[in-house]
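> Residue-level listing of the chains:
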Amino acid sequence: MSDLTALTIADARAGLAAREFSARELTDAHIAAVECARDLNAFVAETFDAARAAADDADARLAAGEGRLLEGIPLAVKDLFCTRGVRSQACSNILDGFAPPYESTVTANLWAVGALMLGKTNMDEFAMGSANVTSADGPVINPWRRRGEDKPLVPGGSSGGSAAAVAAGLCLGATGTDTGGSIRQPGAFCGIVGMKPTYGRCSRWGMIAFASSLDQAGPLTRTVEDAALMLQAMAGHDSKDSTSIDRPVPDYAASLTGDVRDLTIGVPAEYRMEGMPAEIEALWAEGVRWFRDAGATVVDISLPLTKYALPTYYIVAPAEASSNLARYDGVRYGLRVEGNDPTEMYARTRAAGFGREVRRRILIGTYVLSAGYYDAYYLKAQKVRTLIARDFESAFETVDAVLTPTAPFAAFAIGEKMDDPIAMYLNDVFTVPASLAGLPAISVPAGLTGDGLPLGLHLIARPFDEPTLFRAAGLLESAAGFSHRPDQSGAGRAV
Amino acid sequence: MSADGYRVRGRDGEWEIAVGLEVHAQVISEAKLFSSAPTAFGAEPNTQVSLVDAAMPGMLPVINRHCVTQAVRTGLALEAEINLTSVFDRKNYFYPDLPPGYQISQYSRPIVGEGRVVLDLEDGSQRTIGITRLHLEMDAGKSIHDRRADATCVDLNRAGVALMEIVSEPDIRSPEEAGIYLRKLRSILRYIGTCDGNMEQGSLRADVNVSVRRPGDELGTRCEVKNLNSVRFVMRAIEVEAERQVAVREDGGEIELETRLFDAERGETRSMRSKEEAHDYRYFPDPDLLPLTLDPAWVEAERARLPELPDARKARFMADYGLSAYDAGVLVAEREIAEYFEAVTAGRDGKQAANWVTGTLFGALNRAGIGIEQSPVSAAALGALIDRVADGTVSNRAAKDVFEAMVSTGKDADAIIEEQALRQVSDEGAIEALVNQVIADNPDKVADFRGGKTKLMGWFVGQVMKASGGKANPKAVNQALRAKLDG
Amino acid sequence: MSIDKDTVVRIARLSRIAMEDDALEPMAEELNGILAWVEQLSEVDTEGVEPMTGAIAATLPQRDDDAEAGTATDDLLANAPEADDGFFVVPKVVE
Numbered sequence: 000m001s002d003l004t005a006l007t008i009a010d011a012r013a014g015l016a017a018r019e020f021s022a023r024e025l026t027d028a029h030i031a032a033v034e035c036a037r038d039l040n041a042f043v044a045e046t047f048d049a050a051r052a053a054a055d056d057a058d059a060r061l062a063a064g065e066g067r068l069l070e071g072i073p074l075a076v077k078d079l080f081c082t083r084g085v086r087s088q089a090c091s092n093i094l095d096g097f098a099p100p101y102e103s104t105v106t107a108n109l110w111a112v113g114a115l116m117l118g119k120t121n122m123d124e125f126a127m128g129s130a131n132v133t134s135a136d137g138p139v140i141n142p143w144r145r146r147g148e149d150k151p152l153v154p155g156g157s158s159g160g161s162a163a164a165v166a167a168g169l170c171l172g173a174t175g176t177d178t179g180g181s182i183r184q185p186g187a188f189c190g191i192v193g194m195k196p197t198y199g200r201c202s203r204w205g206m207i208a209f210a211s212s213l214d215q216a217g218p219l220t221r222t223v224e225d226a227a228l229m230l231q232a233m234a235g236h237d238s239k240d241s242t243s244i245d246r247p248v249p250d251y252a253a254s255l256t257g258d259v260r261d262l263t264i265g266v267p268a269e270y271r272m273e274g275m276p277a278e279i280e281a282l283w284a285e286g287v288r289w290f291r292d293a294g295a296t297v298v299d300i301s302l303p304l305t306k307y308a309l310p311t312y313y314i315v316a317p318a319e320a321s322s323n324l325a326r327y328d329g330v331r332y333g334l335r336v337e338g339n340d341p342t343e344m345y346a347r348t349r350a351a352g353f354g355r356e357v358r359r360r361i362l363i364g365t366y367v368l369s370a371g372y373y374d375a376y377y378l379k380a381q382k383v384r385t386l387i388a389r390d391f392e393s394a395f396e397t398v399d400a401v402l403t404p405t406a407p408f409a410a411f412a413i414g415e416k417m418d419d420p421i422a423m424y425l426n427d428v429f430t431v432p433a434s435l436a437g438l439p440a441i442s443v444p445a446g447l448t449g450d451g452l453p454l455g456l457h458l459i460a461r462p463f464d465e466p467t468l469f470r471a472a473g474l475l476e477s478a479a480g481f482s483h484r485p486d487q488s489g490a491g492r493a494v
Numbered sequence: 000m001s002a003d004g005y006r007v008r009g010r011d012g013e014w015e016i017a018v019g020l021e022v023h024a025q026v027i028s029e030a031k032l033f034s035s036a037p038t039a040f041g042a043e044p045n046t047q048v049s050l051v052d053a054a055m056p057g058m059l060p061v062i063n064r065h066c067v068t069q070a071v072r073t074g075l076a077l078e079a080e081i082n083l084t085s086v087f088d089r090k091n092y093f094y095p096d097l098p099p100g101y102q103i104s105q106y107s108r109p110i111v112g113e114g115r116v117v118l119d120l121e122d123g124s125q126r127t128i129g130i131t132r133l134h135l136e137m138d139a140g141k142s143i144h145d146r147r148a149d150a151t152c153v154d155l156n157r158a159g160v161a162l163m164e165i166v167s168e169p170d171i172r173s174p175e176e177a178g179i180y181l182r183k184l185r186s187i188l189r190y191i192g193t194c195d196g197n198m199e200q201g202s203l204r205a206d207v208n209v210s211v212r213r214p215g216d217e218l219g220t221r222c223e224v225k226n227l228n229s230v231r232f233v234m235r236a237i238e239v240e241a242e243r244q245v246a247v248r249e250d251g252g253e254i255e256l257e258t259r260l261f262d263a264e265r266g267e268t269r270s271m272r273s274k275e276e277a278h279d280y281r282y283f284p285d286p287d288l289l290p291l292t293l294d295p296a297w298v299e300a301e302r303a304r305l306p307e308l309p310d311a312r313k314a315r316f317m318a319d320y321g322l323s324a325y326d327a328g329v330l331v332a333e334r335e336i337a338e339y340f341e342a343v344t345a346g347r348d349g350k351q352a353a354n355w356v357t358g359t360l361f362g363a364l365n366r367a368g369i370g371i372e373q374s375p376v377s378a379a380a381l382g383a384l385i386d387r388v389a390d391g392t393v394s395n396r397a398a399k400d401v402f403e404a405m406v407s408t409g410k411d412a413d414a415i416i417e418e419q420a421l422r423q424v425s426d427e428g429a430i431e432a433l434v435n436q437v438i439a440d441n442p443d444k445v446a447d448f449r450g451g452k453t454k455l456m457g458w459f460v461g462q463v464m465k466a467s468g469g470k471a472n473p474k475a476v477n478q479a480l481r482a483k484l485d486g
Numbered sequence: 000m001s002i003d004k005d006t007v008v009r010i011a012r013l014s015r016i017a018m019e020d021d022a023l024e025p026m027a028e029e030l031n032g033i034l035a036w037v038e039q040l041s042e043v044d045t046e047g048v049e050p051m052t053g054a055i056a057a058t059l060p061q062r063d064d065d066a067e068a069g070t071a072t073d074d075l076l077a078n079a080p081e082a083d084d085g086f087f088v089v090p091k092v093v094e
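Chains as they are written, first to last, in numbering that gives the first Met the number 0: chain G, 0 to 494; chain P, 0 to 486; chain W, 0 to 94.
Hints were generated in silico from the structure; no laboratory data involved.
Everything numeric in this text was worked out from a predicted model, so none of it was measured.
Treat each hint with caution, since some may be false.
Said to hold, decoys possible - Below, a list of computed lysine-lysine pairs in the DSBU-like style, where the Cα atoms sit at most 35 Å apart:
| hint | chain 1 | residue 1 | chain 2 | residue 2 |
| --- | --- | --- | --- | --- |
| 1 | P | Lys-225 | W | Lys-91 |
| 2 | W | Lys-91 | G | Lys-416 |
| 3 | P | Lys-90 | W | Lys-91 |
So here's chain G without its partners, still in its complex pose:
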């Protein structure tokens, strides 16, 4: 049955429709895989009973010929999404024991088309991190290893558990959230597809907020087509989210024509970062060649403010987070550490409930919003953000998509880059600009490093032009022919 866990969502849909296997068999195969791979620490909650029950319902529907878009497809859900009656803790102690009486719009959308949940996946606490090492539930281990090495590597973050689970064949796809690269960077680190839609495309309702003006849900899958299928279900207008955009959701999978001859791809000079490994540079050049070979036009472009994106992000995101996380006060849910008055109770609760990185970002965010510093930091950053968005706007006057590497390096070992927060922040240097501008972007696995770790290429498109993004990503995928999988024996091995 283990081959069922190697399927794509598209294959599984076909197999289920043809009754080659049942949803229950598909689900059981994945449950078995999850059980075998607990060492990865990808899941923080397992909801197998509910998954099996949902699979049986799916089989009934499939038997009746009433299968929906993702009928019987077993998925994993990042712990940032609120799921009714199931722990939803953003992998933070502050939400200890929190099981919401409501379901996020994005997950509800998935269940509405027949998908089922295997469990909740590990993540950086409140999505603040790029290596999944800030989780209160402990780090996630990347199913990939450097060739000939046994050292556990990070899966990237913050959607590290989702990326590891998809890469290791523990689910057919997973939801992630991306604030500055939290879907795309772990996608690249784990050799899978990670896609962040346009800001406003997926509802944020029921998704635990990190930075409201940046957070977007998106899929992590093994193929571009799977990402298109999942986004199809996740996206849509939600009147409960004031920033959700009311426009139709196109048929994303239908955009995967393989034909990119009418596309102009921009290559931004400013993404050529000093000290970037040569193999990443080479892969990027190869990506350019793939597009040229397929008949696309490739042009050099300039996004002059690129270098300012990361510092801008590290003002805007913590500022919003400092306010978004004020609700965790030990009054209505989650952890409480008693105190003599509410102020003391809050301070103790929040000191105990938030991990170091979260505390650091709350403090930075509080500082940049505080009297006397608002103009110099927060307001300045929001102005620079306007300029960064304008950079893209002018680029998109001539190009249809922008091609860059996803991250400046491949997965690193747990424990590395921990001492210097800024070194860790550099993970997101290529993904953050699109986040600030609210643009759709995708990471596609495109090659391996010399020591056998996956690398991703990254595409950015115009707002709401996910069809073009998927089409270009499909070209990268087929040209790269990336069929590597992590060493499955490693995935299940104790570390």
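Position chains P and W against the provided structure of chain G, taking the given hints into account.
Chains P and W in isolation, oriented as in the chain G frame:
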């Protein structure tokens, strides 16, 4: 400077006061400002709370269109500038009854800008108080400190209810003006139906900013006295706070910018325990909400839909019914009274109707402790009674008795006039007979009158009226007497 | 602009995060490192540039004034660390 010359008399001279009010008016709406939970007052604790109001993880605000409309209508009624683009900001602070840890409010770009309210002062003069701004914000929940000795209980029913904060310029110069301002504002809000103005239930609360200065000086440093829930408290708090500030200044002290609480029982204000840190609310635009934009055509349509406001109605009452400024002012203060009056006066004499409403009716309502909505005498019934006076059926005097009977029995005027035989006697023959009788019974008085003591006329009228049981038409009695006595 | 120990104390208090004395200095250093790094934004000329407050240009959607019943009180209080007779309970507020 000061219209009524209000001065605080200090030890060494007089001081002027400058007062600005920040009024929090609860918007009349079914649902809350950013959630669909109901707003009704007095429900069981935590029964009118949505997931958004409780700031559950992942919950998001969506603004209530009606609350926006109410704010715009209020702005228009205050003759204020309507800002076609406004922004919602987060005001960040921690308090147990503020679930998100921030209040969604409007800081740098409120929905309504500068406007004005015209006050009618007691001496008949007018003063214009500037409105600085009006903005929309959400209310907090309620912390209940006296329910448990060891803990504070939190009820979130109010959390998220829409408030309009209406900020005045420091144009108010006396406690009386503050009272008039607050009543006028309340009247306007009730006219347009944007706030019920119920101060006991907290639908209208005021913070007052008070400063004192020597006449002619610049404005002094102000103190804010928070959360006053009656007109009387507002006036009293201003008075005692001004006196406190004068005392401090005259002792060589400085006034510190601070927030104070009014203790009604002790008649003093006291400093709120100064927070360990200065307030730093870290306002920033709420990233969960986009800027609010209004269509100018829609704003104009709302302007056209506004009902007649108190000032316009007062002017019309004076012009159309010949009422004094005072009577007109009294009649327009409440929309319900003005409407009652207009129904009473329709087709009748305005001054008569005004006298009946402000005198006899108000007297009865006051005695019963009820408002005009509960009046036992409808406008139509009062109008019918006035008609009976006008057509001579009853005397003015008897009409008061008829009215009292209407109040106590709920019957209409005609029924009571018949039942109690209060119909006025105007029949010439009957009156002449009474007159003849009185003249015959009092020959000495007749002689005195004819000898030049014409003042006795009143005495004769009284005798005839008495003989008629008060029912004779005084005018007819007068005429008949005059004919007999002069003849 | 540089953060000293007192500033850390102030922002930790504003943030309601208790901090041990010996953690203040290291945190000040970390925060200063980040602030020094973001300082490069001052190189960017933003004269006359409007700040971006949302990632999308759209108008604020508005909801109709239809009240729906609140969340069931039991659901509302289900996750509360302390509740009593329909109320959330917190340590006594000292005014």
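> Next step is simple, just say for each hint if it's right about the structure.
Hint check results:
1. For the given pair, Lys-225 of chain P sits about 22 Å from Lys-91 of chain W by alpha-carbon distance, which is consistent with the 35 Å threshold.
2. Between Lys-91 of chain W and Lys-416 of chain G the alpha-carbon distance is near 44 Å, which puts this suggested pair outside the 35 Å criterion.
3. A distance of roughly 24 Å separates the Cα atoms of Lys-90 of chain P and Lys-91 of chain W; the hinted pair therefore holds under the 35 Å criterion.
Checked against the numbered hints given earlier, this structure breaks only hint 2.
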